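Here is what each chain is made of, one letter per residue.
Protein chains: 2
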Amino acid sequence: MNEAQIDELARRLENGERRALARAITLAESSRPDHRAETRALLHRLGPDQGKAVRIGLSGTPGVGKSTFIEAFGCMLVEQGLKVAVLAVDPSSARSGGSILGDKTRMERLSRLPQAFIRPSPSRSELGGVARRTREAILLVEAAGFDVVLVETVGVGQSEIMVAEMTDVFLLLLGPAGGDELQGVKRGIMEIADLVVVNKADGDLKPVAEITRADYASALRLVRKRRRDPEGFPTAMTASALEEKGMAEIWDKIRALNDWRHESVWFTRRRAEQAVGWMHTAVKRGIVERFHADPAVAARLPALEAEVANGTVPPEDAADQLMALFEGK
Amino acid sequence: MNEAQIDELARRLENGERRALARAITLAESSRPDHRAETRALLHRLGPDQGKAVRIGLSGTPGVGKSTFIEAFGCMLVEQGLKVAVLAVDPSSARSGGSILGDKTRMERLSRLPQAFIRPSPSRSELGGVARRTREAILLVEAAGFDVVLVETVGVGQSEIMVAEMTDVFLLLLGPAGGDELQGVKRGIMEIADLVVVNKADGDLKPVAEITRADYASALRLVRKRRRDPEGFPTAMTASALEEKGMAEIWDKIRALNDWRHESVWFTRRRAEQAVGWMHTAVKRGIVERFHADPAVAARLPALEAEVANGTVPPEDAADQLMALFEGK
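Here the protein sequences line up with chains G and Z, keeping their order. The numbers in numbering that gives the first Met the number 0 rise by one with no breaks, and the one at position 139 of the first sequence is 138. The numbers in numbering that gives the first Met the number 0 rise by one with no breaks, and the one at position 154 of the second sequence is 153.
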């Protein structure tokens, strides 16, 4: 794209044109150097709406009904007059057999609303790439006028931490505890959760959901001591995505927390920390990329890997050799 | 240290002298360039026993009785005529208020045995540093003639994955499921566990422990499909560290698995992969260290961080500026 084309894409995106938005995100997902440069140029041109949405991170254990929840929650937000973007982060999609959001039919109602925009996780990329793409996609949907960005991730590995680092509020979705269900909740996740929502509080499961909520409420009280939060946060609630119950209450809580954080130094400080953290991430990524792109390194690497694998060269010596090649250029 | 002193340290360490071993590990824990060079020289001199021990990774939820377990398990191994080293990995020790192994009195019996060696986690270092130190400590205790290395970590964040990547067998210790206890078990951890041991199978808790074991056995059957393991693995067992029950059975299982893996290609391939992975880790770490040590980068970084924090420079642009400074030297 030339300058004029980038200007045109920026203009259409800021008008809220969905196709322009989709195209811009596709551009941001690419790792081709020319596409990277175009994405950067586009982000520079985009106006002051970047950073203005409520950014919500969302995670949950498998089978908890995350798609149903996002559908119910997203439709409720749209009914309140808000524009909602849903971005999926699933670095493990290759392994786990496809992104939760790969199939938009799971959120059929929401995906048909003009005030909603759903974007599945790009297929098969490593966590670093997903992080960059998601951060840029957040800025792009904000520039396109979306008020709420839901960044949804699957409950594995580092992806929650990554999503928490690019959002303002973190919502953890759980099921009512069942005897045979492992509630795979990490301690680390409890520490980043602002709202724990026990879904499926409907029918026979309602009493179990309430007990589960109370259990998590106790657990969160322990967490709270270590954090700076307003009274009543982090909080545990019940909801039924199926019956669309509890959605407005969750949004009220999120807004209350968000308002408090805007009034305190929290919000400004957090966004500043996120930006600095992102700079360091970009540097690490960049220098490792340059290292691997170095012809001398690339030429030596396969043989050296074989020597390390069969034990003839210690790993640290091999690393030194490679770094000497990199610096010698 | 000069060459002769390093030779002398290597000789004493290979003789199994505890003070030499402790000194060598202290050397490996240091990040001073001269200490790094001395550690590397020492590892080069050490004989073929490096790599010969059974390396067991161990993790467990807080309050599960990990110290009691290590004491009972370690003493049983010593009674069988084996030398046992225990290394603690706790990158969060600064936050959580001290390493589990910081206080050796928790393993009073084991720590007094001449055939045992217990080394607490070094205080306050980031995960990368802990990884390198632990990997080198494993090689050092092996050179000192230890037959079994227990690498123990707390159940948070990435540390289990890191420990699994430097050991052969991974043991996950759990408590009998209680109503108010969050068994903070991540899916990822279930996937790396070879043995799940439900501790505290004594007194009133015995029946609950058995139910918990059966639950985890079911969960492990799902995991198994995705792995290449002999019949019966991964496995779930009960034990009572307090009553010293189940310890020999656990060791039998570990040996059976280890024997199978040595007979198959698994073991050789795994150690080769670990070595290559370590080379890449060392490279990443090394180039990021060199980046931060660069005078031009160091001079510009504080001002640039401030500009990124207050939003005047986008993070990616700042990263580009820094990388240009780094490459310009």
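Everything labelled a hint here was simulated from the structure, so no lab data went into it. A couple of the hints might just be wrong.
Unchecked claim - Chain G residues, not near chain Z, derived (Cβ > 10 Å throughout):
| no. | residue |
| --- | --- |
| 1 | 17 |
| 2 | 26 |
| 3 | 37 |
| 4 | 43 |
| 5 | 77 |
| 6 | 78 |
| 7 | 114 |
| 8 | 227 |
| 9 | 228 |
| 10 | 261 |
| 11 | 272 |
| 12 | 279 |
| 13 | 289 |
| 14 | 309 |
| 15 | 314 |
| 16 | 317 |
Stated by the list, open to error - List of simulated lysine to aspartate or glutamate pairs, EDC-like, C-alpha gap at most 16 Å:
| no. | chain 1 | residue 1 | chain 2 | residue 2 |
| --- | --- | --- | --- | --- |
| 17 | Z | 283 | G | 201 |
| 18 | Z | 283 | G | 288 |
| 19 | G | 283 | Z | 78 |
All values derive from a computational prediction rather than experimental measurement. Each residue gets a CB set at the ideal place from its N, CA and C atoms; glycine is no exception.
Hint by hint, work out which the structure violates, then give me just those numbers in ascending order. Violated: hints 4, 11, 12, 13, 14, 15, 16, 17, 19.
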